[in-house]
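The hints should help you fit chains B, C and D onto chain A, whose structure is shown.
Going line by line, the protein sequences match chains A, B, C and D.
First residue of the first sequence: 17, per our numbering; consecutive thereafter.
First residue of the second sequence: 17, per our numbering; consecutive thereafter.
First residue of the third sequence: 17, per our numbering; consecutive thereafter.
First residue of the fourth sequence: 17, per our numbering; consecutive thereafter.
Be aware that one or more of the hints could be misleading.
Because identical chains cannot be distinguished in the list, a pair is counted as satisfied if it fits within a single copy or across any two copies.
Said to hold, decoys possible - Result set (EDC-like, lysine to aspartate or glutamate): computed pairs, CA atoms no more than 20 Å apart in a straight line:
1) Lys122 to Glu27
2) Lys122 to Asp133
3) Lys122 to Asp108
4) Lys99 to Asp133
5) Lys99 to Glu66
6) Lys99 to Glu19
Everything labelled a hint here was simulated from the structure, so no lab data went into it.
All figures in this text were calculated on a predicted structure; none of them were measured in a lab.
Number of protein chains: 4
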Amino acid sequence: MHELTTRRQVEFSDTDLGGIVHFSRFFVFMETAEDEFLRALGGSFVFTHEGRSGGWPKVEASCQYLSPARYGDLLEVHLEVRKVTRSTVTYDIVFSRGETVVARGKTTSVCCAVRPDGGFESIAIPAPLAGRLRPAPG
Amino acid sequence: MHELTTRRQVEFSDTDLGGIVHFSRFFVFMETAEDEFLRALGGSFVFTHEGRSGGWPKVEASCQYLSPARYGDLLEVHLEVRKVTRSTVTYDIVFSRGETVVARGKTTSVCCAVRPDGGFESIAIPAPLAGRLRPAPG
Amino acid sequence: MHELTTRRQVEFSDTDLGGIVHFSRFFVFMETAEDEFLRALGGSFVFTHEGRSGGWPKVEASCQYLSPARYGDLLEVHLEVRKVTRSTVTYDIVFSRGETVVARGKTTSVCCAVRPDGGFESIAIPAPLAGRLRPAPG
Amino acid sequence: MHELTTRRQVEFSDTDLGGIVHFSRFFVFMETAEDEFLRALGGSFVFTHEGRSGGWPKVEASCQYLSPARYGDLLEVHLEVRKVTRSTVTYDIVFSRGETVVARGKTTSVCCAVRPDGGFESIAIPAPLAGRLRPAPG
Chain A
17 MHELTTRRQV EFSDTDLGGI VHFSRFFVFM ETAEDEFLRA LGGSFVFTHE GRSGGWPKVE
77 ASCQYLSPAR YGDLLEVHLE VRKVTRSTVT YDIVFSRGET VVARGKTTSV CCAVRPDGGF
137 ESIAIPAPLA GRLRPAPG
Chain B
17 MHELTTRRQV EFSDTDLGGI VHFSRFFVFM ETAEDEFLRA LGGSFVFTHE GRSGGWPKVE
77 ASCQYLSPAR YGDLLEVHLE VRKVTRSTVT YDIVFSRGET VVARGKTTSV CCAVRPDGGF
137 ESIAIPAPLA GRLRPAPG
Chain C
17 MHELTTRRQV EFSDTDLGGI VHFSRFFVFM ETAEDEFLRA LGGSFVFTHE GRSGGWPKVE
77 ASCQYLSPAR YGDLLEVHLE VRKVTRSTVT YDIVFSRGET VVARGKTTSV CCAVRPDGGF
137 ESIAIPAPLA GRLRPAPG
Chain D
17 MHELTTRRQV EFSDTDLGGI VHFSRFFVFM ETAEDEFLRA LGGSFVFTHE GRSGGWPKVE
77 ASCQYLSPAR YGDLLEVHLE VRKVTRSTVT YDIVFSRGET VVARGKTTSV CCAVRPDGGF
137 ESIAIPAPLA GRLRPAPG
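Just chain A, with the same shape it has in the complex (with noise of 0.2 Å):
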């Protein structure tokens, strides 16, 4: 599997005194959609692996803004996955609304067990989930 279509609601808090949807709040959406996409194949932000906690911390994650969202959108979120390694996953999402792209974002998260001390360890993506991780075409 190597994306989802899925649709986002623009809900008034997600806006600012500008009136449109506060920059940080698409890296939350973006996220949303990885969580879906996760849970598609069976994953989820939240597991156990060999007796300990894991998660997926981000790496990185940018967007481009390229026309306002506001109060009432009800906005398309298409995510692809752009590539895979051992432990992490990019991810490109981009939301629309009708023809107009809105926002072009991306991530990249990385497979983690957390450690006895509280810290973070990248771990390779267990299996099955990383069987089903596969990049988009092109």
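Okay, now just chains B, C and D, sitting in the frame of chain A:
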């Protein structure tokens, strides 16, 4: 003026169940540093330009996460102006805790006036603010 | 109409380091239910009234937290209109997960028009919305 | 100790499209004041108690909104301990801007230890913190 150093205390609500600052919060931290910088230059995220409301919506934002930040951390935030064009300013923002670099962010904001239809229109950065914005050397 | 039942999936970013939904997020969840209710009645948090912008700022909000909600929970959200006055609506909102009541909230919003100076002025709830708002029995 | 006065600068991201601080943000502001108060007493939202993790989840929270707060406002935040029981502390928090009272909030937090199953169990507020918490007179 081309830089600003400020501080940010991590709040309980900045964290997520992974026990670290949620990645989206760094974008808010960046914006607050940008705000403080603009104010130090006599500017603001909210202004009036030739009778119209003006603002600084983001064009692009990105962040690399190098080391987790946690509740109670007092982060040093160092902002530098990377690039200035007629309408835009690009900032590099480095978050650190002691000797440890926690995250490196970059944002580009565009100076805009609000059109009567509510849309944004990029404008030249008004004087005297434009005259005070200097890219950091190097 | 006097009630609405909807659902809310807890997102990763709704949680804090305690592993539960941050208490402030329930107020956002309440507002989103109120929004959905207003829309079902043909209203909106944003409207125009006699040529002025209008909205529904909060007068009061409260919440009792009875059982923690966690990442991935699908909460049932039941909203009831408790009281309607000339300008205000008070809602009771109950969050539950299966048989467990997670939280009980209450908010009061006041119907306002924006004055030329930017301030808010309470106004009578416009028809036909006013005619459709009914307090729940009991 | 029974009170604390601190300040909070309204950030751009605290606002919504109505041009005012979103009502949910005041609950974050309250929590940050509570945090500062606990720290002043030698406590913290995160602690260890008899080998278990501990925290202060909210039992109840409410706020009355009396006057809008806006971007750039520097709010004075006055917290008072209203009530202390074996496990809980109730705070009154008043937000003001100059002579204007902006909002009046109240929160009750319960001192908890985390059970092995991840649930919370209320515990007696540990000494010496318990000995330092005093309800405000009147």
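Results for each hint:
no. : hint             : result
1   : Lys122 to Glu27  : between (22 Å within a copy, 19 Å between copies)
2   : Lys122 to Asp133 : neither (30 Å within a copy, 31 Å between copies)
3   : Lys122 to Asp108 : both (5 Å within a copy, 18 Å between copies)
4   : Lys99 to Asp133  : neither (30 Å within a copy, 36 Å between copies)
5   : Lys99 to Glu66   : neither (25 Å within a copy, 45 Å between copies)
6   : Lys99 to Glu19   : within (12 Å within a copy, 35 Å between copies)
The earlier numbered hints that this structure contradicts are 2, 4 and 5.
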